[in-house]
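Residue strings, one per chain:
There are 2 protein chains.
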Amino acid sequence: MGGDQGPLITIPSAIMAIQSLPNLHLILCGDEAVITTELARLNISQESLSQHDQLSIFSTTEIVEMDDKPAFALRNKKDSSMRKALDLVHEGKAQACVSAGNTGALFSMAHFVLKTLPGVERPALISSLPTHEDDKHVFMLDLGANVFCDSHVLYQFGVMGSVMAAQVDSVENPRVALLNMGEEAMKGSDHIKQAALELSANDEINYIGFIEGSDIFSNKADVIVCDGFVGNVALKTCEGVARLVYKKSEVFCSQNIFTKLMATLFKPSLKKLFKSVNPDQYNGASLIGLRGIVVKSHGNANARAFYSAIMEAVKEVERQVPTKIKSSLEQGLSLP
Amino acid sequence: MGGDQGPLITIPSAIMAIQSLPNLHLILCGDEAVITTELARLNISQESLSQHDQLSIFSTTEIVEMDDKPAFALRNKKDSSMRKALDLVHEGKAQACVSAGNTGALFSMAHFVLKTLPGVERPALISSLPTHEDDKHVFMLDLGANVFCDSHVLYQFGVMGSVMAAQVDSVENPRVALLNMGEEAMKGSDHIKQAALELSANDEINYIGFIEGSDIFSNKADVIVCDGFVGNVALKTCEGVARLVYKKSEVFCSQNIFTKLMATLFKPSLKKLFKSVNPDQYNGASLIGLRGIVVKSHGNANARAFYSAIMEAVKEVERQVPTKIKSSLEQGLSLP
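Chains as they are written, first to last, in my numbering: chain A, 413 to 748; chain B, 413 to 748.
Hint data in this document are derived by calculation from the structure and do not stem from the laboratory.
Keep in mind that a hint or two might mislead.
Which copy? The list can't say, so a pair holds if one copy fits it or any two copies do.
[Claimed, not checked] When the alpha-carbon atoms are kept at most 25 Å apart in a straight line, the in silico BS3-like pairs for lysine-lysine are as follows:
1) K490 x K660
2) K548 x K632
3) K548 x K727
4) K605 x K490
5) K738 x K527
6) K660 x K672
7) K605 x K659
8) K605 x K672
9) K490 x K599
10) K736 x K490
11) K672 x K659
12) K660 x K548
13) K527 x K605
14) K548 x K659
15) K660 x K632
16) K660 x K599
17) K505 x K727
18) K659 x K599
19) K527 x K736
20) K605 x K632
21) K599 x K736
Generate coordinates for the entire structure from the input sequences, incorporating the hints supplied.
Right under this line is the structure:
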């Protein structure tokens, strides 16, 4: 039910997903009447649904609104589509939860329902971002789940990010960096310097040092670690710059007859270009460090983007990301 | 002597500056032989210089290298061009110092030589950035002078930023915002929430609330306040996105014959466009909160950009920025 357009987006995406993966089963949590209407519009009748081996409905009566406070949703929306989807993961009836709903509420509920993996201090929001190389991405975490993170939390994020890059993107020996205000070892806060020492001490982690904001997209690292405040500001600043570039290029294109001609000819392509470099459009951020898989889609995702979020969840299920995170952290713990 | 190309850039800029402002006097601090050679190349002979009423040379024997550690430069480079320029400001023989040299060294030396204004806890690095509106800018601070800032330091940055916007950009009643991970009052760290209370309590400050990274360039605020770590990451991330857009657009332009044609026709304009939205190219960041005016130019500034940094210093001298900051902070202090 989540996201700006709810089932109008999520259900077509679900159909796309089951069509592309014959062994995927999706449980649609939400208002049954709304879901069946939308399915009927897509030529899936209520009768065929009862025999459908890839789709089922889990009927819920409440919806977490986009402006519900996390604590309010956690206390009062126990029969919401969001809460029930997480409950299904907790009960082992589903292997992952995908939602385009209220981000804060999803974090709080997921943390409360699924709990963190043994030894994990804080879950983190992680997403893959574009780099200068078309086929290479960089995983960045935390993107806003935690305001402040001490050195050991940052260390754990490094380990968790390394697992994500290795498992989800099949990167061998992922390069892990800490986001800092300079590359020199003396720069930054004490907890970042301490996190650097902890990451260096773990032989399983390919820690490469500090990285600056200007190099997030340079393909110098596969994993970039920062606290949630800094990650959130960095990600949203990217969105701001992308918007500024788009706005300025519109003004630029309306300058004279030549630029207008160019704009007419290339506007769709240019739009696509700017979209490709707006990291906010990369869909499917994951909340990791929990005893279950939770993927967060943007609220304004279109059907294609929400489909990507479902596929991200499938990948994490197939690669058993939570299990791998657990064992990687345990390996780190057993170090001298 | 500072910057990637030293006097090859700074001296032509100085000549441009004195030509455009007949009552400007510039003292060129540095290696006298290098300076006179460069001046001669620009048709200013040693003899004419002795009678020149807008230019003089202050001869120094040392240079702060770009990779000198700040503490090392502070201890050992007492006859450097950078140190002497700051000494001249301290002694009242110059009204401002402009440097394209080692940023960390300039901060340390400026802080040591000039000292902070009475009541100022920390100096801050401030710069004006572009917004969606061509003729409007936003001042952002701190951009990296301080790793961590408590609530009162953030409050003082709000006051100092407000003075800069009012004096340097002639903004009436500048809108001051705190950079945060969300717009809601409950978001962010305790010291940001406390800074919000302090700014709200000062009637002289038009505090408008929290702002997210995505709105830095939206012209919603005239002053954006954050700690130096976050500001540095945000600014450098902008640079990273701008580079990414440029890189991707190059790939885009080489796709087919039409895009190649477009690239050939519009490359210079596109280059200009991307430059205009790269906040890193906005030259002339100021170190404020000190008993003197210090403007930092990018090390890779060209003559035009270094000229902008000189003009920024002139404006701050004319508008008596340090005096105004002092009196604004004193007004705030006298509040109940």
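Since the copies are identical, ignore which copy is meant and state whether K738 and K527 lie within 25 Å (CA to CA) inside a copy, between copies, both or neither. For K738 and K527, the Cα distance is within 25 Å only inside one copy (13 Å; across copies 51 Å).
Tell me, please, which holds for K548 and K727 at an alpha-carbon limit of 25 Å: within, between, both or neither? The answer is within: 17 Å in one copy meets 25 Å, while 46 Å across copies does not.
Alpha-carbon proximity between K505 and K727, which holds within one copy, between copies, both or neither at 25 Å: within (18 Å within a copy, 67 Å between copies)
From the Cα coordinates, with 25 Å as the cut-off, is the pair K605 and K632 best called within, between, both, or neither? Within one copy only: 20 Å inside a chain, 35 Å across chains, cut-off 25 Å.
As a check of your reading, is K659 near K599 (CA-CA no more than 25 Å) within one copy, between copies, both or neither? Cα proximity of K659 and K599: none, with 35 Å in one copy and 29 Å across.
Up to 25 Å between alpha-carbons, please classify K490 paired with K660: within, between, both or neither. neither (46 Å within a copy, 45 Å between copies)
At 25 Å max between alpha carbons, let me know whether K599 reaches K736 within a copy, between copies, both or neither. So K599 and K736 fail the 25 Å test inside a copy (32 Å) and across (32 Å) alike.
25 Å Cα threshold - placement of K672 relative to K660: both (14 Å within a copy, 22 Å between copies)
Should K605 paired with K672 be assigned to within, between, both, or neither, using CA atoms and 25 Å as the limit? Close neither inside one copy (51 Å) nor across copies (47 Å); limit 25 Å.
At most 25 Å between C-alpha atoms: does K672 with K659 qualify within a copy, between copies, both, or neither? Classified as both: same-chain Cα gap 15 Å, cross-chain 23 Å, threshold 25 Å.
Go through the copies and call it for K605 and K490: within, between, both or neither, with a Cα cutoff of 25 Å. neither (42 Å within a copy, 30 Å between copies)
Regarding K527 and K736, is the shortest C-alpha distance of 25 Å or less found within a copy, between copies, in both, or in neither? Intra 16 Å, inter 53 Å, cutoff 25 Å: intra-copy only.
Against the hints set out earlier in the document, violations occur for numbers 1, 4, 7, 8, 10, 13, 16, 18 and 21.
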